[in-house]
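Novice: Protein sequences appear in the order of chains A and B.
Quick note on my numbering: the first sequence kicks off at 1 and runs consecutively.
Quick note on my numbering: the second sequence kicks off at 265 and runs consecutively.
Read the hints as simulated data drawn from the structure, not as lab findings.
These numbers come from a predicted model, not from an experiment.
Each hint should be verified, as a subset may be incorrect.
[Claimed, not checked] Residues of chain B placed beyond 10 angstroms of chain A at every Cβ, according to the derived structure:
(1) Leu303
(2) Glu309
(3) Pro365
(4) Tyr380
(5) Arg391
(6) Val398
(7) Leu411
(8) Glu442
(9) Leu452
(10) Ser471
(11) Val484
(12) Glu524
[Unchecked claim] Label-pair ranges, simulated between beta-carbon atoms:
(13) A:Leu74 - B:Met464: 29 to 37 angstroms
(14) B:Arg531 - A:Ala234: 25 to 33 angstroms
(15) B:Val357 - A:Lys122: 25 to 33 angstroms
(16) B:Ile295 - A:Gly248: 30 to 38 angstroms
(17) A:Glu198 - B:Asp435: 38 to 46 angstroms
(18) A:Ala78 - B:Glu431: 30 to 38 angstroms
(19) B:Ala532 - A:Lys122: 41 to 49 angstroms
All C-beta atoms in this analysis are idealised placements derived from N, C-alpha and C, irrespective of residue type, glycine included.
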Amino acid sequence: MYWGAMLRLEKLTKVYRTGDRALDAVDLEVPNGQVVALIGPSGAGKSTLIRCINRLVEPSSGKVFIGDEEITSLGAGALRRARRRMGMIFQEYALVERLTVMENVLSGRLGYVGFWRSFFRKYPQSDVDEAFRLLDRVGLVEMADKRADELSGGQRQRVGIARALIQNPALLLVDEPTASLDPKTSRQIMRLICELCEERGLAAIINIHDVALAQMFVQRVIGLNKGAIAFDGAPDSMTEDTLTMIYGEEDWKATIAKVEDEAA
Amino acid sequence: MSAAALDARIGKPWKKPAFIRNPYLRWGLYISAAIYILLAVSSIEVNWARVSEGLVRGWNFLAAFAEPDFLSRGKDIREGMIESVIMTVASTVVGILISVPIGLGAARNIAPLPVYLICRGIVALSRALNEIIVAILMVAIFGFGPLAGFITLSFATIGFLSKLLAEDIEDMDRVQAEAIKATGSGWLQWINYGVQPQVMPRLIGLSMYRLDINFRESAVLGLVGAGGIGATLNTAFDRYEYDTAAAILIIIIVTVMALEYLSGIIRARVQ
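Here chain A stands alone, though its shape is the one from the complex (with noise of 0.2 angstroms):
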């Protein structure tokens, strides 16, 4: 049981090598539950933070807490133990292409079982199982055997999505979750997320380019901008000015969804 914030960063900052300062002193607090859509402008740093979350970028310095345990500070055996409670959701899927539904989705479970098993694909019963109520509520049960480039789109998005929930993990950070699909797939994508989030009580953090869609499914959004939060608020409270603040001088009255639109 964790109290209090589910994911606490504080004065998370990441330089890279070539001197880009992607992350700026972040301070950000997602409770249990909360899904967070973030947006802004390409090269903001939305893809470092998620990543520095998870540590697949080191953070230059600052912290990340899950609950009460600090991230940043682990060792590799440790950190790889934490990486199983942090499911990740990728852009373009991100799916072994060459291995199949099942075995993409059972990867989930890596953390968990030992070398041999994993290689000989001798999964515990209890995780195939799983995998397979996954691949049910994700509507691809029959596509188990299926090699995962043979996949449409959404499909393989779907595997990703059970990939990272048989992890059983208590977070979700999502990177684009919809850059590469067509807009209907892209809103039953979101959904499926987003109602999958409400289902178990994770948080979620989505970087999304899309600001209709995200203002659609989600209970907060972050502006970054330049490594640093411009708007933190409630997504009907996003006005065009907001959008000016987070992506700079443009006309924005079609992007934004207006909130008499929603209610009606």
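Please arrange chain B on chain A, whose structure you already have, making use of the hints.
Specialist: Leaving out everything else, chain B in the frame of chain A:
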């Protein structure tokens, strides 16, 4: 683009910029290359009397292909072939087994710097030494016979396969591997799930190709005493038995073509 800059372009033909911008340097290089080729060709000395004599010998050798003799030295040929096949298969298998860990270590995107340098060093050493030179050394150490050939070919396989495997790993899709790492996998699991599926088709293709090379090399290594069909071929030449030599060469060519065909089928299957 300003209006003046556009006007200057309109109505004029467009040409791709030359690879070497400076025209003096460009034409200077073309002319020096032409002069070099002229000088090089004119410096070759041909002894036409020797050539006319040699043409007859060459013709005798080619004529032997019309009536190759598989039988009179049949036992030697069979034994040589068996030795070559054993040498080829054993050295390829051992070479692959050693190449995989070295290939992993020689890929900069997954190996730490010290491991990378050591593995690249092994690859460079293996590639720097030509098979014939290694074979002469191995014959000096282990004596005449297929053991020297086996060790030589294993050593050469390591340089070839590790280097190309490492390059394939460096070219892999980073995000697929990253996704596996994000699940909390261990290092070996990460290799097995995130890296291996991406490079397996190429590894199989390269192994088949190397099997083919090793067989051809085994025929050459026999000439320096490292056993196999090459030794039989060498003996046939020494005895001026061109018909037997032709038979051996035909067997080698057919085997290499069969291996080539087989590897083509296998590579198409594993995509």
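Novice: Hint by hint, note whether the structure agrees.
Specialist: Going through the hints against the structure:
no. : hint                                    : in the structure
1   : Leu303                                  : holds, 49 angstroms
2   : Glu309                                  : holds, 57 angstroms
3   : Pro365                                  : holds, 16 angstroms
4   : Tyr380                                  : holds, 18 angstroms
5   : Arg391                                  : holds, 29 angstroms
6   : Val398                                  : holds, 35 angstroms
7   : Leu411                                  : holds, 34 angstroms
8   : Glu442                                  : violated, 6 angstroms
9   : Leu452                                  : violated, 5 angstroms
10  : Ser471                                  : holds, 17 angstroms
11  : Val484                                  : holds, 37 angstroms
12  : Glu524                                  : holds, 25 angstroms
13  : A:Leu74 - B:Met464: 29 to 37 angstroms  : holds, 32 angstroms
14  : B:Arg531 - A:Ala234: 25 to 33 angstroms : violated, 57 angstroms
15  : B:Val357 - A:Lys122: 25 to 33 angstroms : holds, 27 angstroms
16  : B:Ile295 - A:Gly248: 30 to 38 angstroms : violated, 55 angstroms
17  : A:Glu198 - B:Asp435: 38 to 46 angstroms : holds, 41 angstroms
18  : A:Ala78 - B:Glu431: 30 to 38 angstroms  : holds, 34 angstroms
19  : B:Ala532 - A:Lys122: 41 to 49 angstroms : violated, 31 angstroms
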